[in-house]
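2 protein chains.
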Amino acid sequence: MAPSSYTRLILQERPKGMINAKTFRRDEAPVSELSAGPGQVVVKMVYISLDPTQRIWMRDEPSYLPPVQIGEVMRAIGVGAVVKVGPNTNLSPGDYVTGFLGLQEYAVVPAQQVHKIDLVPGTELIDFLGPLGVSGGLTAYFGLFEVAKIKKGETIVVSTAAGSVGSLVVQFAKQAGARVVGITGDDDKARYVKNELGADIVYNYKKPSWKDQFDDQVGQADVYFENVGSDITDFMLTRLKTFGRIAVCGVISEYNVEEGQNVGIRNYIQICLRRLRVQGFIVTDYASKFPDAYKEIGSWLESGSLEREYHVVEGLENAGDSLNLLFTGENKGKLILKVAEPGGEKV
Amino acid sequence: MAPSSYTRLILQERPKGMINAKTFRRDEAPVSELSAGPGQVVVKMVYISLDPTQRIWMRDEPSYLPPVQIGEVMRAIGVGAVVKVGPNTNLSPGDYVTGFLGLQEYAVVPAQQVHKIDLVPGTELIDFLGPLGVSGGLTAYFGLFEVAKIKKGETIVVSTAAGSVGSLVVQFAKQAGARVVGITGDDDKARYVKNELGADIVYNYKKPSWKDQFDDQVGQADVYFENVGSDITDFMLTRLKTFGRIAVCGVISEYNVEEGQNVGIRNYIQICLRRLRVQGFIVTDYASKFPDAYKEIGSWLESGSLEREYHVVEGLENAGDSLNLLFTGENKGKLILKVAEPGGEKV
Numbered sequence: 187m188a189p190s191s192y193t194r195l196i197l198q199e200r201p202k203g204m205i206n207a208k209t210f211r212r213d214e215a216p217v218s219e220l221s222a223g224p225g226q227v228v229v230k231m232v233y234i235s236l237d238p239t240q241r242i243w244m245r246d247e248p249s250y251l252p253p254v255q256i257g258e259v260m261r262a263i264g265v266g267a268v269v270k271v272g273p274n275t276n277l278s279p280g281d282y283v284t285g286f287l288g289l290q291e292y293a294v295v296p297a298q299q300v301h302k303i304d305l306v307p308g309t310e311l312i313d314f315l316g317p318l319g320v321s322g323g324l325t326a327y328f329g330l331f332e333v334a335k336i337k338k339g340e341t342i343v344v345s346t347a348a349g350s351v352g353s354l355v356v357q358f359a360k361q362a363g364a365r366v367v368g369i370t371g372d373d374d375k376a377r378y379v380k381n382e383l384g385a386d387i388v389y390n391y392k393k394p395s396w397k398d399q400f401d402d403q404v405g406q407a408d409v410y411f412e413n414v415g416s417d418i419t420d421f422m423l424t425r426l427k428t429f430g431r432i433a434v435c436g437v438i439s440e441y442n443v444e445e446g447q448n449v450g451i452r453n454y455i456q457i458c459l460r461r462l463r464v465q466g467f468i469v470t471d472y473a474s475k476f477p478d479a480y481k482e483i484g485s486w487l488e489s490g491s492l493e494r495e496y497h498v499v500e501g502l503e504n505a506g507d508s509l510n511l512l513f514t515g516e517n518k519g520k521l522i523l524k525v526a527e528p529g530g531e532k533v
Numbered sequence: 187m188a189p190s191s192y193t194r195l196i197l198q199e200r201p202k203g204m205i206n207a208k209t210f211r212r213d214e215a216p217v218s219e220l221s222a223g224p225g226q227v228v229v230k231m232v233y234i235s236l237d238p239t240q241r242i243w244m245r246d247e248p249s250y251l252p253p254v255q256i257g258e259v260m261r262a263i264g265v266g267a268v269v270k271v272g273p274n275t276n277l278s279p280g281d282y283v284t285g286f287l288g289l290q291e292y293a294v295v296p297a298q299q300v301h302k303i304d305l306v307p308g309t310e311l312i313d314f315l316g317p318l319g320v321s322g323g324l325t326a327y328f329g330l331f332e333v334a335k336i337k338k339g340e341t342i343v344v345s346t347a348a349g350s351v352g353s354l355v356v357q358f359a360k361q362a363g364a365r366v367v368g369i370t371g372d373d374d375k376a377r378y379v380k381n382e383l384g385a386d387i388v389y390n391y392k393k394p395s396w397k398d399q400f401d402d403q404v405g406q407a408d409v410y411f412e413n414v415g416s417d418i419t420d421f422m423l424t425r426l427k428t429f430g431r432i433a434v435c436g437v438i439s440e441y442n443v444e445e446g447q448n449v450g451i452r453n454y455i456q457i458c459l460r461r462l463r464v465q466g467f468i469v470t471d472y473a474s475k476f477p478d479a480y481k482e483i484g485s486w487l488e489s490g491s492l493e494r495e496y497h498v499v500e501g502l503e504n505a506g507d508s509l510n511l512l513f514t515g516e517n518k519g520k521l522i523l524k525v526a527e528p529g530g531e532k533v
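Read top to bottom, the protein sequences are chains U and F.
Its first residue numbered 187, the first sequence is counted upward by one per residue in our numbering.
Its first residue numbered 187, the second sequence is counted upward by one per residue in our numbering.
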């Protein structure tokens, strides 16, 4: 029997530091009331992406998207199946879609705000939150090729190299013929990045010797793909070649930190001395080029040349604890919340 | 009677903090020994440029130019007259030239390393260290038009707006139709930047109220022309529009500070959140375009539409104390050391 109610997670309190039991309020709403108005669709969620950037959305500060307001369903990217369509939509029941669907089991959204998923050969639904996902592969792709403008033969350093974006940057950069240096936070992840993702060299930044080893083995790099900030950034600012580039995808070391309490960057002056280009970006800036990315990443998936690893947690109620894993570094691979079985779509 | 010896300032000790009596050693060399070998010229110096970047050259750290070594003549940009030519040069006695000529009264340099000066109408020799100087107008010009890519109608914020580069950025940006906001360190300079250079708004950053006034009067800017670093940079990182640009010309707050003792930048994360482009540059990167800049700046000078102010100190022996003025903010306008009368050239 289908459940009569579904769960939504409402932002109840802005966290200071890690997410806690008061951050989200669990709200139950009747399934019977789910209806699609003109231009709308009802989506039954299957997988929800858990991303560091959600911690930014919880902050009451200007950002690239408006802060989630207290009392609103928490924003999240997900994939699901259309189960009801209103008038004037170009989607049909059974279509899979992805977009900003929220931390909830069902979403009612404008059809124009979601993208229909085309399950190309070699892909599964979950890959649309991984190599083909907005907060995964697409971010890696545009950061690497449009912002960092990586070239064959160049050396790129990637922080959080075992993470959802980092793991794909490593692999895409290898596809592009670059020499890839990964940075991660434990030995197990370091082995994964080297042996399974194919990085040329990997460092565990928690070992004090890593900087000396970097100097011996790498020296200077052309590109730094920035996911962390803090001490690693300060180091990389002194290890980039003249005209080196930093693609600033994220600064995860600061998302849990209150304003003014962060470590800060001491080597800003190197931007001047080394004539660096440091550029922030958001994947949606490149929306018009998504089809190109889908095509190229899809071809890599189809040929079996991309490794992907999912860290899947079941149940919406585990969203908060799971999000914290991103900041303790306990997840390996793309962190996904599974809220329904794929293929079992009905209201 | 011509003097029998000339003075050179040798870097004797790398300063910690401000330049002091031990930084330079005064060396007297016989004028009679000055000779030009093949491809060389002997230049009698007239004006020497005193620039914050000289403090970088004194540090024993990797930079955009090699550090000046202990025992070498201190590097400096200057203008002077050719007084002797060796075989195989394309210069003649009496030609005025500019280039890296050093803190000395005479320089023996390869002719290919200096640029011949063409005194276009409306210009004086000293202007080739000001609006037409490598460390003055050319730096302002390429930072503004090639790096920041300022456009008509945009708002640009310029730090050290009364300084050698800043004062020209203010005026060039006005020529380009931008709204110009200057930042400087005292009320007298602020009046100069507004009333004589033509900035739309000017703040004295030493007044605590300036940030509130900025929010009321400016709000958000398109471009920040970076000359200082530190607290002003942190503020500007939060006051740039999405896709704003920072042209990093210099970071004067850090040149006198030992490694690791600087204040640091806390708002690095804004590069990500606001998708900023932060780019360092050095004027010599644009050497192939210098003729364009000479032509355009020259036309502004000829039409009388550029204000320039020189803070001239006489005598090579005052170089060290004068350089310190750049860090205390006591100079107004371009700081120049005059070591000979223009027009009085002979060995």
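Calculated from the structure, these hints are not laboratory results.
Be aware that one or more of the hints could be misleading.
Copies of one chain are not kept apart here, so a pair can be met inside one copy or by any two copies together.
[Unchecked claim] Derived DSSO-like pairs (lysine-lysine); straight-line CA-CA distance at most 27 Å:
hint	residue 1	residue 2
1	K427	K335
2	K475	K427
3	K392	K475
4	K202	K518
5	K337	K397
6	K481	K337
7	K481	K392
8	K393	K270
9	K392	K302
10	K337	K302
A quick note: this is a predicted structure, and the numbers were derived from the prediction, not measured.
For each hint, the structure was consulted:
no. : hint        : verdict
1   : K427 x K335 : both (15 Å within a copy, 24 Å between copies)
2   : K475 x K427 : between (29 Å within a copy, 24 Å between copies)
3   : K392 x K475 : neither (37 Å within a copy, 47 Å between copies)
4   : K202 x K518 : within (25 Å within a copy, 47 Å between copies)
5   : K337 x K397 : within (25 Å within a copy, 42 Å between copies)
6   : K481 x K337 : within (20 Å within a copy, 36 Å between copies)
7   : K481 x K392 : neither (37 Å within a copy, 55 Å between copies)
8   : K393 x K270 : neither (53 Å within a copy, 61 Å between copies)
9   : K392 x K302 : neither (42 Å within a copy, 55 Å between copies)
10  : K337 x K302 : neither (32 Å within a copy, 39 Å between copies)
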